[in-house]
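Note that the protein sequences, when read in sequence, are chains A, B and C.
Take the first sequence: its position 83, counted from the start at 1, is 83 in this note's numbering, and no numbers get skipped.
Take the second sequence: its position 17, counted from the start at 1, is 17 in this note's numbering, and no numbers get skipped.
Take the third sequence: its position 258, counted from the start at 1, is 258 in this note's numbering, and no numbers get skipped.
Just to be clear, a hint being listed does not mean it is correct.
What the hints assert, rightly or not - From the structure, some residues in chain C lie toward chain B, with a derived Cβ separation under 8 Å: (1) 6; (2) 131; (3) 141; (4) 142; (5) 153; (6) 157; (7) 175; (8) 261.
Keep in mind that the hints were calculated from the coordinates and are not lab data.
C-beta atoms are modelled at their ideal positions from N, C-alpha and C, and glycine is treated no differently.
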Amino acid sequence: MKKALAIVLAILIFIVFALAFVKIPFGEKMSTYPHYYNPITNQTSNMSLPQHYLTYGKNDTGATNMVTAIVVDYRGFDTLGEVTVLFLASTGVGSLMYVENKVKKKVRRSNAVVETGSKLLFGFIILFGAYIFIHGHLTPGGGFPGGAVIASAFLLLYLAYPKFHAKHEKLSVSESIAGLTFVIVGLIGLIIAGYFLYNFLPFGLPTYLFSAGVIPLIYVAIGVKVGSELTAIVDSMMGVRE
Amino acid sequence: MIQYYYLGSIALIAIGMYIVIAKRNLIKIILGLDIMDTGVNLLFISIGYVKNATAPIENVPGPYVDPIPQALVLTAIVIGVSVMALALSIAIGIYKKTGTLELDEILGVKK
Amino acid sequence: MIRPVLLIALPLFFAFLSPIIGIWSKKGVRYLIIFATALNATLAGILLLEALQKPVFDIIGGFQPPLGIVLMVGPLGAIIAFIINLVAFAISIYNLKVEKEPIVRYSMLYLLLVMGSTGMVLTGDLFNLFVFLEVTSIASYGLAAYNKDKKGYLGAMKYVIIGSIGSTFVLLGIALIYSQLRTLNMLDIAARIGTMDPYVKIMAFTSLFLGFGVEAEMFPLNTWVPDAYDGAPHPISAAFASLPAKAGVFALARVIFTMFSFTNFLWFVVVMGLLTVFFGEIVAYTQKDLKRMLAYSSIGQMGMIIMGLGIGTTLAVEGAFYQMIAHALGKALLFIAAGFLIYAARSGKIEDMKGMARNPLIGIPLLIGALSIMGMPPFAGFYGKFFILMGGFSQGYYAIIALFLAASIVEVAYYARFIKIVFERGNESKVIRPDAATYVPLIILAIIIVVIGVYPKPILTVLQHVGTFIAGGA
Numbered sequence: 001m002k003k004a005l006a007i008v009l010a011i012l013i014f015i016v017f018a019l020a021f022v023k024i025p026f027g028e029k030m031s032t033y034p035h036y037y038n039p040i041t042n043q044t045s046n047m048s049l050p051q052h053y054l055t056y057g058k059n060d061t062g063a064t065n066m067v068t069a070i071v072v073d074y075r076g077f078d079t080l081g082e083v084t085v086l087f088l089a090s091t092g093v094g095s096l097m098y099v100e101n102k103v104k105k106k107v108r109r110s111n112a113v114v115e116t117g118s119k120l121l122f123g124f125i126i127l128f129g130a131y132i133f134i135h136g137h138l139t140p141g142g143g144f145p146g147g148a149v150i151a152s153a154f155l156l157l158y159l160a161y162p163k164f165h166a167k168h169e170k171l172s173v174s175e176s177i178a179g180l181t182f183v184i185v186g187l188i189g190l191i192i193a194g195y196f197l198y199n200f201l202p203f204g205l206p207t208y209l210f211s212a213g214v215i216p217l218i219y220v221a222i223g224v225k226v227g228s229e230l231t232a233i234v235d236s237m238m239g240v241r242e
Numbered sequence: 001m002i003q004y005y006y007l008g009s010i011a012l013i014a015i016g017m018y019i020v021i022a023k024r025n026l027i028k029i030i031l032g033l034d035i036m037d038t039g040v041n042l043l044f045i046s047i048g049y050v051k052n053a054t055a056p057i058e059n060v061p062g063p064y065v066d067p068i069p070q071a072l073v074l075t076a077i078v079i080g081v082s083v084m085a086l087a088l089s090i091a092i093g094i095y096k097k098t099g100t101l102e103l104d105e106i107l108g109v110k111k
Numbered sequence: 001m002i003r004p005v006l007l008i009a010l011p012l013f014f015a016f017l018s019p020i021i022g023i024w025s026k027k028g029v030r031y032l033i034i035f036a037t038a039l040n041a042t043l044a045g046i047l048l049l050e051a052l053q054k055p056v057f058d059i060i061g062g063f064q065p066p067l068g069i070v071l072m073v074g075p076l077g078a079i080i081a082f083i084i085n086l087v088a089f090a091i092s093i094y095n096l097k098v099e100k101e102p103i104v105r106y107s108m109l110y111l112l113l114v115m116g117s118t119g120m121v122l123t124g125d126l127f128n129l130f131v132f133l134e135v136t137s138i139a140s141y142g143l144a145a146y147n148k149d150k151k152g153y154l155g156a157m158k159y160v161i162i163g164s165i166g167s168t169f170v171l172l173g174i175a176l177i178y179s180q181l182r183t184l185n186m187l188d189i190a191a192r193i194g195t196m197d198p199y200v201k202i203m204a205f206t207s208l209f210l211g212f213g214v215e216a217e218m219f220p221l222n223t224w225v226p227d228a229y230d231g232a233p234h235p236i237s238a239a240f241a242s243l244p245a246k247a248g249v250f251a252l253a254r255v256i257f258t259m260f261s262f263t264n265f266l267w268f269v270v271v272m273g274l275l276t277v278f279f280g281e282i283v284a285y286t287q288k289d290l291k292r293m294l295a296y297s298s299i300g301q302m303g304m305i306i307m308g309l310g311i312g313t314t315l316a317v318e319g320a321f322y323q324m325i326a327h328a329l330g331k332a333l334l335f336i337a338a339g340f341l342i343y344a345a346r347s348g349k350i351e352d353m354k355g356m357a358r359n360p361l362i363g364i365p366l367l368i369g370a371l372s373i374m375g376m377p378p379f380a381g382f383y384g385k386f387f388i389l390m391g392g393f394s395q396g397y398y399a400i401i402a403l404f405l406a407a408s409i410v411e412v413a414y415y416a417r418f419i420k421i422v423f424e425r426g427n428e429s430k431v432i433r434p435d436a437a438t439y440v441p442l443i444i445l446a447i448i449i450v451v452i453g454v455y456p457k458p459i460l461t462v463l464q465h466v467g468t469f470i471a472g473g474a
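Just chain A, same shape as in the assembly (with noise of 0.2 Å):
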């Protein structure tokens, strides 16, 4: 009965979607696009919305890479928030997975090969992340990438020692500096220019690494904060092991 009402409802969401989506044309090109209005001035604009980012968005922010561009100046603040949900993620896995009485589990040793071979890996990882949010303005990547894939390393060291346990209080505090960074960044900008995350840093040359104002700064945050963040939610719900 059940099964049917649920077969029912996935059929009509599918057919009501399909619907509204075969209006939708699919790769057309951008010059169709409806042009944008600017609804403080009331003008309405000769272009439409993607076309001025890829038009202006390297005058606008010095980033070579558009979805950065878009991801961390034009809309930086949504880019908070994402943080903010993340920060919250750790947060509320670790006060979920809290224990008052810690019972330790016991755990089996995994075997050399893996030993030895994450002990090695390790610094490895480590740079490859710090390099992908590093260069998150140049190539495809940045913060949450690299976060990612330093929080990789450290789960390679959860497998390879069971008894790894990483200082709750160390990444909670990197957690922490990051977080500030980019919130004290956005607050340099409210002060220097009166908006709220404004890159009021030079813009150097494009393509060159020590460009495009505030973005690394803050890619560089979110790329530790994104990593210790991870960590601290595997951490949390492996629980505590001998």
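Based on these hints, arrange chains B and C on the given structure of chain A.
Leaving out everything else, chains B and C in the frame of chain A:
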């Protein structure tokens, strides 16, 4: 032209919906939520597609695809991950308290 | 001159700061949260005064909308933000009663819940609204399960499942709008909504409406409400009723009026609202458990607000906003009082609470709160219901008015029953005196309810701007 990408992603959403409603195991329900999430993300990405275009990075010659959906989906993915992490930790908590993940057993429903 | 963005940036700053402070002093974090919410409430008050002159736009990152994100604060948004932060301040005092570890994480989650709800009210960008919706709901998931007992976990699980479905729908609605208009700014969407394909437009509206309906406790997406409210710690039940719910219903109002510019009678919204009212009030009547009864009553009240928005005349929408304010204050008060009663009676059942409210420190605020929720003059709740009724009456929707009145009578009946039990004589020996962390927030909320009930002029001045809001302004 039929938009296979749209239809495929909507099908994912519908499948996820079916799993969430029909299944009675918490892990399966959480997986269903994840499938729904993936469906919406794919849908969003395909909205931004432009034929014969590449990733919007300046040192590759254009034309480029719409960069906004990619940026939005990046946010949506992170949000989805966070929800999954919390949902799974709540499921772990339920397992610790009741020793099962079957909803019928937890709620004491007789079959 | 105050920037709306500070209402979001400062709580974030304090939330990120609190783990570092928590290493030295856990108590320090608790007082830091009280300070942060008090600061936020003050800033929101100043913002309200400014927004009354003209709507405040705060451009973030220095990019003109729709290129960047803009915060858009009109008088109505400002007063809802002010009420949310005021109630959050009162509840943060009651938070001192929570003793379960880890208290630092609890405080951070609470502060971010306040931040998320405020952000949902202030933002002028559709995707940003989604991000804040997620901030709010993820903080709520974590807090709903905070007690770490079976009840809390199950309530939170239900909330997670329904909440995720809701956010999927919100994202679908955003995708539909974006695919046709290629913009995310609300005013930009509003200006060009007419160019959308009618079917796509209706689907986008339905998706967004259902998605925000989860937070606004709309039928049939409200099955999480009683379980999550019941399983959460007492201050969090109070916070749920007044912060995310109000932010969610304000987001609904934004969707209906600002973005889609529906000004006439929306039968779909009114029917959903009526169903919500009936579901909530009738189930509430059958409840024996105090927190569950209040949760169902909260559903009923939210239904009244949704109905007021759906009727869509200036008077009815004014009523809906008045009801939002009155409900945020009154329900927070009742949940705090319920927390005390459950603590005093050592049971959640209403019948065990005989005479427990006979201490005046708890009894008088409780009475004021209950009368206000019931809609008795001269308390705040009266005007909300009265305006919604008059709004319906002036348009000639007599059937709806009759049903609305019937639901209100059910509401009066079960609150009267509850009040009769808690003030009954004959159990004096067991009555205990509340401590400061309980009665201070109760008295703060009660005073506000009486003041805006007896002297409603300031609120009515703000609500005069409803006309512009309905017409699609900020």
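Now the hints, each set against the structure:
Look at residue 6 of chain C: its Cβ only gets to about 23 Å from chain B, farther than 8 Å, so that hint breaks. Because the beta carbon of residue 131 of chain C sits about 6 Å from the nearest beta carbon in chain B, less than 8 Å, this interface hint is met. Using the Cβ-Cβ criterion of 8 Å, the hint placing residue 141 of chain C at the interface with chain B is satisfied: the shortest such distance is roughly 5 Å. With a cut of 8 Å, the hint placing residue 142 of chain C at the interface with chain B holds, because the nearest CB-to-CB distance is about 6 Å.
Nearest Cβ of chain B to the Cβ of residue 153 of chain C: about 5 Å, under the 8 Å cut. The hint holds. About 5 Å separates the beta-carbon of residue 157 of chain C from the nearest beta-carbon of chain B, less than 8 Å, and the hint is met. A hinted interface residue such as residue 175 of chain C counts as satisfied when its beta carbon comes closer than 8 Å to some beta carbon of chain B; here the least separation is about 5 Å, so the hint holds. With 8 Å as the threshold, the beta carbon of residue 261 of chain C stays out of range of chain B, its nearest partner Cβ sitting at about 24 Å, so the hint is violated.
Of the numbered hints listed earlier, those contradicted by the structure are 1 and 8.
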